[in-house]
Structure formats: C-alpha cells, structure tokens
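Number of protein chains: 2
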Amino acid sequence: MGKVTTSVTTMSLDGYIAGPEESGFDLLFRWYGDGDVEIPTASPDVPPFRVSAASAELIRREWGNTGALVVGRHLYDLTHAWGGRHPMDVTTVVLTHRRPEDRPEDDENFVFVTGGIEAAVARAQELAGEKDVVVNGGQMARQCLEAGLLDEVGIALVPVVLGGGTRLFDGLGSAPVRFDGPVAVVEGEGVTHLRYRVGK
Amino acid sequence: MGKVTTSVTTMSLDGYIAGPEESGFDLLFRWYGDGDVEIPTASPDVPPFRVSAASAELIRREWGNTGALVVGRHLYDLTHAWGGRHPMDVTTVVLTHRRPEDRPEDDENFVFVTGGIEAAVARAQELAGEKDVVVNGGQMARQCLEAGLLDEVGIALVPVVLGGGTRLFDGLGSAPVRFDGPVAVVEGEGVTHLRYRVGK
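In order, the protein sequence lines correspond to chains A and B. Under this note's numbering, the first residue of the first sequence carries the number 1, and numbering increases by one thereafter. Under this note's numbering, the first residue of the second sequence carries the number 1, and numbering increases by one thereafter.
No wet-lab data here; the hints were simulated from the structure. Model, not experiment: these values are computed from the prediction. Among the hints, erroneous ones may be present.
As the list claims (entries may be wrong) - Computed footprint of chain B on chain A, listed as stretches where at least three residues anywhere in the stretch have a Cβ under 8 angstroms from a Cβ of chain B:
(1) 85-96
(2) 120-132
(3) 163-170
Claimed, not checked - Here are the simulated distance ranges between beta carbons:
(4) 33(A) - 44(B): 49 to 55 angstroms
(5) 174(A) - 173(B): 28 to 34 angstroms
(6) 80(B) - 61(A): 47 to 53 angstroms
All residues carry an ideal CB built from backbone N, CA and C; glycine is no exception.
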C-alpha cells in the first residue's frame, strides 16, 4: 500500500492555502504558469502548467506515484468537477454528505463517499493499489491528520504573505503537531518544495 | 549602509512565531538546543545554543553581519532585557512609548527610541554603520515592512503546526505582499533556513 500525502499543496509564507474569500490564487499559483516546462493536465478546464524544470521533475514524480485522490465536496463544487476529470488523471474520491444528483453512479472519474474521512481514504487506497493516495484541500488534510491517516505533508511554499484566508490545517484540534524533516527540499522558481513526514 | 532584515526568525509551518498565549516556544526553539555545535550568547540569561553545523554556520555569518538590533518594548519586557545584554552581543534599539524608569540613559547595551519605527531603524543604522540592522519580533517586522524599511526576510521554518498564536506579519495592512526568492536555502536539522528579498 502506498502513502497518504498532501502531495504538492501550495501554501503562502504565512500559512494560507487560499486568501480571504477564496482570493489570492493568482499569487499562490503563479509558479504553475511561470516556467518553461509544460505539464499537460487531464482536465478540459485546466490549461497545461508551465513550471520550472525542478518543479516539473517533482510534479511528474508525484503524479506518477499517485493512484487516487481524496477531495472534499467544496473543492469539487468550486472547480465544477474540473470539467469532468481531475488534472492529475486519476479517479477522485469525493467526500460528501450527499451524492450529487447529476452523478447517480460512480465511474472512473469520480467516486462519492458519504461515510467520513476514514471511508474515503480506504476507498481511495483500494483504487490506488500500490500507489499513493493524495488528499487535496485544507479540510481534508486536517481531517486526515486528526484521524492519524496522513503519512506525509508536501508543501509548495510561495513567497507571498496573504494576511488571512484558509489555513492548511485550519481548525486543527490536536495542535501542536510536530512533523519530521523536511525529508526533501527542492528549489523551484518562485516556490520551494518541502516534504515532511507525520510522526506516528 | 547594511541591510534591514529579520535575520533568523523562527516560524512554525503554519506561520506563527509564538503559539497561543506565548506558548510553543519549546517546540519552535528546539533546533536551538538539539545540535552539536555550541554558539555562545552574550546574555547572562540565555544559555549557549547547540545547533547543527549548517545552522551554526548560518548563525555565525548572520551574527557577524549584524551591527544593531531593533526590538519592541514587549519583547524587551518579556525577556527582562535579556539579563542586561542581547544574546547577539550588539546594541539593541528598543522602540517604546515611554523610556523605562530604571534606564535613564542610553548605553552600549540598550538605546530607547520613542519616535516610531522610522526613527528606531534610523538610530540602529547609525549604530550599525556598514553592518546590517536586524528587526526582531512580529510587530517590528510588520511595521518595518509597511514602512518600506525592510530589505530581507530570514525565516527558520520548523516542522510544527501550532494552530494559533502570533503571526510573523500579524495584522499586515498592505497584504498581499510578494517577496523575491528564496535567495538562499540552508537545511539545518529540524529547521529549514529561508531568505527572501522584499520587492521595492
């Protein structure tokens, strides 16, 4: 079984994964468009990324290792289901209170789980086989961490101070939490990739 | 004239320089005591640091470049004036509303300025000559950044999530703010040193 990880979570220097009222994405995700190496995405709504060579190598490795995603319903709705397929080109498990009416059946693009974070991660692990499960979004990351399900935290730290917004582990009840590492540091352009292991 | 910098500001992965109600310092400053290389301090109240070789090299370089400090009255009081001399062994400019009664005169250890952040930094620059001025504390860093006085931000990023407390640039009115870099990355043990340049 692979790891459960946040993979490449873009975060501001002051700890926000989104600015106030879902703002700041232009500043946070600038590194996705500023480089020379093109990374195609599987989403019809998300144009190819253009990142630095160092970031590209890291993203390709991460995406290649990823067997399934877990996201929250909020992100699924906010992105309009990425137009039908997640950019990372894997089956996306959506944790929700209620299955969307326009998706009566699970398919290779989206699987809906209503039984909580443990059930969502377990379903994603079935789908991922030997590969990793990536959890996406601050609330999913927090729930996984609190449930003891998270193995690694991958952060793409960007040099911007947003001053407010949504935190990576917003509302974490079990703080303080220590991690081990960084077990890896990769310098991109306009971004620093850091990877930490969750102490068990 | 040297730079104005935050030098080596220890920050949690979620952006806090102190936990809730001045807690969390044991977790934040663990890297100061976990290593093999001893760094003596000039404060009678602060025992020598014991840091990794990589952190020691960085601290020695930073301290060697530092000609004067700017701190706020809060930190001065909280540390009881570091027992008489700041650990970094330089004159410390204290920005305050009112000079403390037990210090009627400035001396080589402490200089008091009541005229605001610009006056405090200008006084420190006089004292520092060709060397750098280090601003210490979240409020001082924020005031310097807002006044356009800050050249570099040095962060010692530690892998702990505190979940609340005092932010590096708490209450920044001018957010979002972009930095350039990191212009330097040094991997210590239990800490990652990052340095950013403030865009002018």
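Hint by hint, here is what the structure shows:
A count of 0 residues in the region 85-96 of chain A with a Cβ less than 8 angstroms from any Cβ of chain B is obtained; the coverage claim is therefore unmet, three being the minimum. Here the region 120-132 of chain A counts 0 residues with a CB under 8 angstroms from a CB of chain B, which misses the bar of 3, and the coverage is violated. Given a C-beta distance limit of less than 8 angstroms, the hint that chain B covers the region 163-170 of chain A holds, as 5 residues qualify and 3 suffice. A beta carbon spacing of about 53 angstroms between residue 33(A) and residue 44(B) agrees with the range 49 to 55 angstroms that was offered as a hint.
For the pair residue 174(A) and residue 173(B), the supplied restraint of 28 to 34 angstroms holds, since their beta-carbon distance comes to about 33 angstroms. Take residue 80(B) and residue 61(A): their Cβ atoms lie about 50 angstroms apart, and the range 47 to 53 angstroms holds.
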